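If you read the sequences in order, they're chains A and B.
One point on numbering: in numbering that gives the first Met the number 0, the residue at position 115 of the first sequence is 114, and numbering is uninterrupted.
One point on numbering: in numbering that gives the first Met the number 0, the residue at position 7 of the second sequence is 6, and numbering is uninterrupted.
Because the hints were derived from the structure by calculation, they are not lab data.
Here the structure is a predicted model, which is why all the values come from computation and not from measurement.
Mixed in with the good hints there might be a few duds.
[Claimed, not checked] If you only want the chain B side, here are some residues facing chain A, beta carbon under 8 Å, derived: (1) 26; (2) 118; (3) 120; (4) 125; (5) 137; (6) 258; (7) 274; (8) 289.
Note that CB positions come from ideal geometry on N, CA and C, so glycine has one too.
The chain contents come next:
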Amino acid sequence: MRQRPSFTTVMLIAGLLFLYLPMLVLVIYSFNSSRLVTVWAGFSGRWYLELLQDRQILSAVWTSLRIAFFAACMAVCLGTLAAFVMTRFARFRGKTALSSMVTAPLVMPEVITGLSLLLLFVQLAQITGWPGDRGMMTIWIAHTTFCSAYVAVVVSSRLREVDRSIEEAALDLGAPPVKTFFLITLPVISPALAAGWLLAFTLSLDDLVIASFVSGPGATTLPMVVFSSVRMGVSPMINALATLIILAVSLATFLAWYFMRRGEARRLEAAAAEQ
Amino acid sequence: MTPSPSQRAKRWLRPRRGWVIAVPLLWLTLFFLAPFAIVLKISLSEAAISLPPYGAIVDYSAETLNIALNFGNYLFLFSDSLYVSAYWGSVKIAFFSTLFCLLIGYPMAYAMARAPARWQLVLLLLVMLPSWTSFLIRVYAWMGILSNNGLLNNTLLWLGLIDSPIRMMNTNFAVMLGIVYAYLPFMILPLYANLTRLDNSLLEAASDLGSRKFNTFLKVTLPLSKGGIIAGSMLVFIPAVGEYVIPELLGGPNTLMIGKVLWEEFFNNRDWPVASALAMVMLALLLIPIALFHRYQSRELEE
């Protein structure tokens with residue numbers, strides 16, 4: 000007789016269904032030929048064609064991708080520095096302040112972050128004349144700031160795991176700290192840097208509230224376009240866009256999983272060969 | 000002579016230590032901390048029809064320095080029942096959403112942590128994947144499901160469970176559902192991280208000593224996972240209090256949430272001082288939850 004599945008296993012399956020069914024519904028209705036999203040009127044790919052011809056959406060995608068790319072790069076630099084300082088440096092004045100400023104953005108309501116950054120930019124512009132126009136630059140700064148907090152969390156958990164004795168050996172043999180960091184520490188934590196970069200990239204692509212506050216007339220990101228369309232009600236073109244996003248993220252996740260598994264298998268093989 | 004650990008640490012830190020600390024510290028101070036001082040300042044100024052739409056606090060003319068602090072915005076917030084009930088509504092909705100997230104997320108995290116090792120990574124990726132797609136689109140998915148002629152009502156009608164559509168869209172129920180759906184992965188992640196670290200020998204010891212499964216859970220597992228429960232709950236509760244997108248898309252005219260009120264004061268009424276005062280009061284309200292989260296997270300970060 001088969002063992003009865005436990006309560007928690009049932010909950011896990013039900014929870015995953017709860018997470019995935021609404022997304023599945025989105026995907027199915029993106030192929031609906033009717034404009035009414037609630038009635039099925041036959042299979043059609045017309046919403047994908049319309050999506051690819053929508054200039055407003057395409058230019059917003061391009062804007063969002065550029066901001067996300069540069070924000071993720073800067074966030075990885077800042078977040079890694081912050082993580083390094085928090086895990087490797089002994090107590091110093093400002094350490095508590097730094098660790099608070101790394102954890103607070105993780106939970107801070109977006110309306111507060113967005114409003115406060117906008118007011119900062121307005122104030123700075125009054126005093127120094129910079130930033131004259133709000134747009135991609137100000138969104139980039141805002142995204143870099145909150146993304147670097149996420150990167151710092153990801154990277155510091157990796158920094159705590161790695162074996163410090165190799166770093167210490169390099170230092171003992173007279174390698175300068177900077178060289179030790181770039182030759183020893185950085186290669187070891189590179190998977191965490193990649194994970195942090197990807198996380199920052201998706202967070203930046205996804206942000207609506209903060210970008211709406213700090214943006215100017217020139218820069219419209221993809222979430223802003225989606226939001227103004229969705230506010231009017233359900234639209235099949237957004238379903239098509241959702242399907243493409245879900246597809247891209249699933250593909251990236253699958254690749255990440257595949258390489259992680261291969262890396263793990265190689266490590267196990269190496270360990271077996273040593274014995 | 001081999002250097003002692005402390006000497007080694009000093010050499011590690013000496014040369015460019017200052018710069019390495021200064022760069023992230025300065026960036027975050029300028030773009031995360033300093034803005035709050037400006038919000039405080041503007042919350043104490045008067046609204047004005049100008050660009051930007053607020054008056055100056057400090058004024059120097061005729062050899063006198065005038066500092067005018069206007070507490071009117073704060074008094075206004077507490078005299079108008081709209082704002083008080085919006086704060087109360089946000090806290091209530093965020094609290095119940097967090098509770099449901101915990102009730103659904105805890106068993107899920109527990110099952111993941113107990114799953115065979117080769118399944119754990121797959122399950123973790125499956126739980127996190129939705130949060131990497133798009134928050135906005137996941138909330139949007141529920142608009143099509145919950146509306147009066149939406150999928151859920153149609154299914155229930157077809158099954159004969161109901162005679163006429165139930166109004167689910169534009170209610171507080173829809174808002175809570177949306178929050179639970181959007182934030183569930185953030186509840187599960189810290190719980191899972193905590194539960195995988197749980198020492199199995201403790202559970203075996205309890206069962207060897209004759210403790211029933213549920214009793215072991217209550218007396219051993221639950222207390223040991225307190226850190227994960229606090230972190231997960233704060234990761235849901237704090238952002239949910241200030242949530243704007245979910246009440247805007249799924250809520251109705253009766254849904255009063257402070258994030259939405261703030262947005263409308265800022266974008267529709269262009270009353271920056273009142274929006275700033277709203278943000279400062281919200282921040283004060285969330286200070287204890289944020290401190291709780293920080294205590295747990297900094298233990299995780301520094302150990």
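Status of the hints after comparison with the structure:
no. : hint : in the structure
1   : 26   : holds, 6 Å
2   : 118  : violated, 10 Å
3   : 120  : holds, 7 Å
4   : 125  : holds, 6 Å
5   : 137  : holds, 7 Å
6   : 258  : holds, 5 Å
7   : 274  : holds, 6 Å
8   : 289  : holds, 6 Å
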